[in-house]
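Asker: Each residue of the sequence shown is one higher than the last, beginning at 1 in full-length UniProt numbering.
One thing to keep in mind: the hints can contain errors.
Said to hold, decoys possible - Derived lysine-lysine pairs resembling DSS-like cross-links, with alpha carbons at most 25 Å apart:
1. K8 to K310
2. K8 to K92
3. K217 to K395
4. K240 to K181
5. K240 to K114
6. K218 to K92
7. K114 to K8
Said to hold, decoys possible - Beta-carbon label-pair distances, calculated as ranges:
8. G219 to A61: 45 to 53 Å
9. G30 to T164: 55 to 63 Å
10. E137 to A390: 42 to 50 Å
11. D131 to T193: 31 to 39 Å
12. D163 to D215: 19 to 27 Å
13. R169 to P342: 44 to 52 Å
14. E243 to R338: 49 to 57 Å
15. R7 to V341: 33 to 41 Å
16. E269 to L216: 18 to 26 Å
17. A133 to E399: 23 to 31 Å
18. I318 to D215: 39 to 47 Å
Note that these hints are calculated values from the structure, not bench results. Glycine included, each C-beta is placed from N, C-alpha and C at the ideal position.
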Amino acid sequence: MKDSKNRKKIMILGASYSQIPLMRAARRLGFTVIAASIPGNYLGFGEADEIAYVDITDPEAVYEAAREWEISGIATCCMDVGTRSLGYVCEKMGLPGPSYRGACACTDKSLQKKAYTEAGVNTARYFQVSDEAQLEEALDNLRLPVMVKAVDLMGSRGIFRCDTRQEARENFRRSMEATGKDYCLVEEFLQGTMFGVEAMVSRGELVYVLPLGNDLKKGNPPFPVGHYVPWEHEQELGRKVREQAQRVVTALGFDNCPVDMDCMLLNGEVYIIEATARAGATCIADTVGIYYGIDYYEAIVRVAMGMDVKDLFQRPDIPRRPSITRLLAADEAGIVERICVPPILPEEVVDLSFNIQAGSAVQPMENGRDRIGQLIIKGDTLEECRARQAELLGKIRLEIKPSGTE
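Construct the entire structure; sequences and hints are all you get.
Answerer: Below is the structure:
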């Protein structure tokens, strides 16, 4: 299918609201956008030039669609569901992007841990477990507490901290019920400080590495509901962060793609929890863009199309800008009747938006899928950003009708 204007085409995997900034960036850069998704009421369809109806979890089907549309690049952001297909298409068509092996590791924590161990990446000791006998063997060899993890799910689903052997047994069953695999991971629990790292690989080189502080919501396990930069430990630990990031990229065969990592700081050392070959969720792409004074979504498109992006992150004339983000959530379950926000927002607010409306069903946040919106604030200092965030969070309110009431 040839475009009448003969513009290069980029396929965006997924058509949910999280892909819209990527689609808009691609169109700004003059590319034809092909939205690849199963049919549905997805907002991204209205942003694309063309639609390829395909299951993005099926690498061969996506490859056939990519060939039919004669694409020059393929990308996604904020979700792992299409990463296997992304790597498969890049490898089969010779397009810029991660290897298929690396892309598969993004959606299988066990493959990822094996690659880390072989490449000397700092990571927690682990066992792959398929049955209760293997679970008991793992527990005999690991010190409590441990983490039991489904290997193929996002948003902290199927992941549990276990302080006793009985908790490990119960949560093993829960993880196995949630996963699509016939195994899960049991690994040592690292009692440290969680943080994130965002990076990008272009033409075999890490062009930037940015540590991000995490604001966590209590849970089992705790999970990020916001991020901030600069990270308070960057000065003393930046070299170690970059060293581990390079080992991850080498271990997983990532190239010409963003890299999102979950990390742990423990006793002055940096440990890698997991990584993936796409931009992070929880407003991370916006955080990177604010910090470097660029449109990061455009950088993602550029690297996917084989364009040089190194200079975007190394401009001395653009000052680094602090920012803080927060996912918004409902305090109670029910049906939204009204969303109340301040009528005038201060200039430091980069974004205050909602992915719900009146009539939407909401519930308190248990994982990232329960988000109802986002707040992004920039400032001259991180302290100013935090103060402004606290002020605005106190002014955002939902009027909710409890479920089942007239």
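Asker: Out of the numbered hints, which ones does the structure contradict?
Answerer: 4, 6, 7, 8, 17 and 18
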